[in-house]
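Chains A and B supply the protein sequences, listed in that same order. Numbering (my numbering) for the first sequence: 1 to 236. Numbering (my numbering) for the second sequence: 1 to 236.
Simulated from the structure, these hints should not be mistaken for lab results. Incorrect hints may have been included.
Computed cross-link-like contacts, DSS-like style, restricted to lysine-lysine with a CA-CA straight-line distance of at most 30 Å [claimed, not checked]:
#1 Lys208(B) to Lys207(A)
#2 Lys208(B) to Lys36(B)
#3 Lys207(A) to Lys36(A)
#4 Lys207(B) to Lys96(A)
Partner residues are not named here, just some residues of chain B that face chain A (Cβ under 10 Å, in silico) [said to hold, decoys possible]:
#5 Thr10
#6 Asp40
#7 Ser42
#8 Arg45
#9 Gly46
#10 Asp81
#11 Glu113
#12 Pro140
#13 Tyr146
#14 Asp172
#15 Asp175
#16 Tyr179
The C-beta atom is built at its ideal place from N, Cα and C for all residues, glycine as well.
2 protein chains.
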Amino acid sequence: MGFEPAVRLTEQIADHLGTQIITGRLKPQARIQELKVASDLSVSRGSVREALLILESRHLIEIIPRRGAIVSSLEAGQVDDFSELFSELLCQLYVKVAASRSLCFDEFSLSLERMERAVVQDDFDTLVLARRSFIRAGFPILDTFYLSAVLSGLIPADMRLAYVVSRHPDYDMRDTLRYHQALLEAVRGNDDARIRELVHAHSGREKKLVLSLQRSSSARPLVGNFGRAAIAQKAL
Amino acid sequence: MGFEPAVRLTEQIADHLGTQIITGRLKPQARIQELKVASDLSVSRGSVREALLILESRHLIEIIPRRGAIVSSLEAGQVDDFSELFSELLCQLYVKVAASRSLCFDEFSLSLERMERAVVQDDFDTLVLARRSFIRAGFPILDTFYLSAVLSGLIPADMRLAYVVSRHPDYDMRDTLRYHQALLEAVRGNDDARIRELVHAHSGREKKLVLSLQRSSSARPLVGNFGRAAIAQKAL
Chain A
1 MGFEPAVRLT EQIADHLGTQ IITGRLKPQA RIQELKVASD LSVSRGSVRE
51 ALLILESRHL IEIIPRRGAI VSSLEAGQVD DFSELFSELL CQLYVKVAAS
101 RSLCFDEFSL SLERMERAVV QDDFDTLVLA RRSFIRAGFP ILDTFYLSAV
151 LSGLIPADMR LAYVVSRHPD YDMRDTLRYH QALLEAVRGN DDARIRELVH
201 AHSGREKKLV LSLQRSSSAR PLVGNFGRAA IAQKAL
Chain B
1 MGFEPAVRLT EQIADHLGTQ IITGRLKPQA RIQELKVASD LSVSRGSVRE
51 ALLILESRHL IEIIPRRGAI VSSLEAGQVD DFSELFSELL CQLYVKVAAS
101 RSLCFDEFSL SLERMERAVV QDDFDTLVLA RRSFIRAGFP ILDTFYLSAV
151 LSGLIPADMR LAYVVSRHPD YDMRDTLRYH QALLEAVRGN DDARIRELVH
201 AHSGREKKLV LSLQRSSSAR PLVGNFGRAA IAQKAL
């Protein structure tokens, strides 16, 4: 085909930039310059443009006419909007997995084992990857093209918020593990009400931590940089 | 920036191919050949690749390693999956618009007027565009980055299903108009239960028509081509 090698290069560039955004090395509202990325990574400008389109579909950047690519902001309103949307879609996913009466929970269990090891080793990067594979474990069971595609597109934003949450002093990796353990139990038990309760409670907890960090960061701007509000504050 | 003109060209190519998929001229499972499109439209291969990434984020094609770009299929399972997801997100949108207590419903009203004219003129293409602008009318009222982005990504698939539905002998353009009129009333009245009832009933009706067409098309393959099932049938 001649198509694949370039797709893979493009994916690599998207993953490289995506990781920088997710982990917070690239800040909200930062500009991503096509030519600079191309020269830094020794790749063609066309490949960078394709990577930027992939990052846009992962909701990590916005491509704005006349301004180019900007890292998506993480203002309070957007965190709210994201949490509500993502937790509703996760409920749809897990309720469907539960209803499918699948007996094949191997991928979920493997993700939980990875999380357990990550907690023991205090390895947050691995914890976040295991959290992603836990969600993805539902996709092959259901074969839902649209729900899976939309959730896949939102997972990077979820990982990005997880990194923000991890900077809060009240955050405990064991809470993430316990939540997923309880969730798998609820899915196995086909208990829709419990699934919804767990997903919404977890999302609410994380949102609270992010918003509390944002408040302290606008009081002490050096702690972090969460979007336009923080930038405007600094500009004063 | 030097970025914008190419973005626009890319969007034009994506819109051109997207329209062919939405209106059914490009069939489910059809292969889209990068080189052929580039030569047909006298554009660079790079621009076509970017357009294909945009079409993938609009859920109209799948880019499959070693196979290239394939028009998404429209099998019964996917229609089900899409309807459930899209109608739930529409409910989220309209319930939020209703709760916002916005008094600015001009864009909704304009979309309804376009729909009315389209019905009078029996102009289905315009009806589908007005249906899209009706949904989009909620975005500026809410400024919900994620919900708007996800819905925008799904609207082309909704338009595509609308074209399928329009081929059913029982389809009546006036039903589409009446549904949107009732929906705007429910939004103005901030009546969540009625919004949910209308959205789900409309989605259920359209799904029923699509599935009934698919059944008749697998009995009479010449009527249409709806994905792998139909292709497998023809191959027998």
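Hint-by-hint comparison with the structure:
Restraint check for Lys208(B) and Lys207(A): not satisfied, since their Cα atoms lie roughly 39 Å apart, outside the 30 Å limit. Distance check on the hinted pair: Lys208(B) and Lys36(B) sit about 37 Å apart at the alpha-carbon level, beyond 30 Å; violated. Under the criterion of a C-alpha separation no larger than 30 Å, the hint pairing Lys207(A) with Lys36(A) is inconsistent with the structure, at around 34 Å. Between Lys207(B) and Lys96(A) the alpha-carbon distance is near 19 Å, which keeps this suggested pair within the 30 Å criterion.
Taking 10 Å as the C-beta cut-off, the interface hint given for Thr10(B) holds, the closest approach to chain A being about 8 Å. Interface restraint check for Asp40(B): the shortest CB-CB distance to chain A comes to about 17 Å, outside 10 Å, so the restraint is violated. The restraint placing Ser42(B) at the interface with chain A is violated, with a minimum CB-CB distance near 17 Å, outside the 10 Å limit. A least Cβ separation of about 9 Å between Arg45(B) and chain A falls short of the 10 Å threshold, and the interface hint therefore holds.
Contact between Gly46(B) and chain A, as hinted, is supported at the beta carbon level, the nearest pair being about 4 Å apart and thus within 10 Å. A least Cβ separation of about 4 Å between Asp81(B) and chain A falls short of the 10 Å threshold, and the interface hint therefore holds. The interface hint given for Glu113(B) is broken, as the beta carbon of that residue sits about 28 Å from the closest beta carbon of chain A, more than 10 Å. Here the hint on Pro140(B) is broken, as its CB sits about 14 Å from the closest CB of chain A, past 10 Å.
Proximity of Tyr146(B) to chain A holds as hinted, the smallest CB-CB distance being about 5 Å (cut-off 10 Å). Restraint check, Asp172(B) versus chain A: the minimum CB separation of about 27 Å is more than 10 Å; hint violated. Evaluation of the Asp175(B) hint against chain A yields a violated restraint, the C-beta minimum of about 24 Å exceeding 10 Å. Below 10 Å, beta-carbon pairs count as interface contacts, and Tyr179(B) has none with chain A, the closest being about 21 Å; its hint is therefore violated.
Hint violations for this structure: numbers 1, 2, 3, 6, 7, 11, 12, 14, 15, 16, all remaining hints satisfied.
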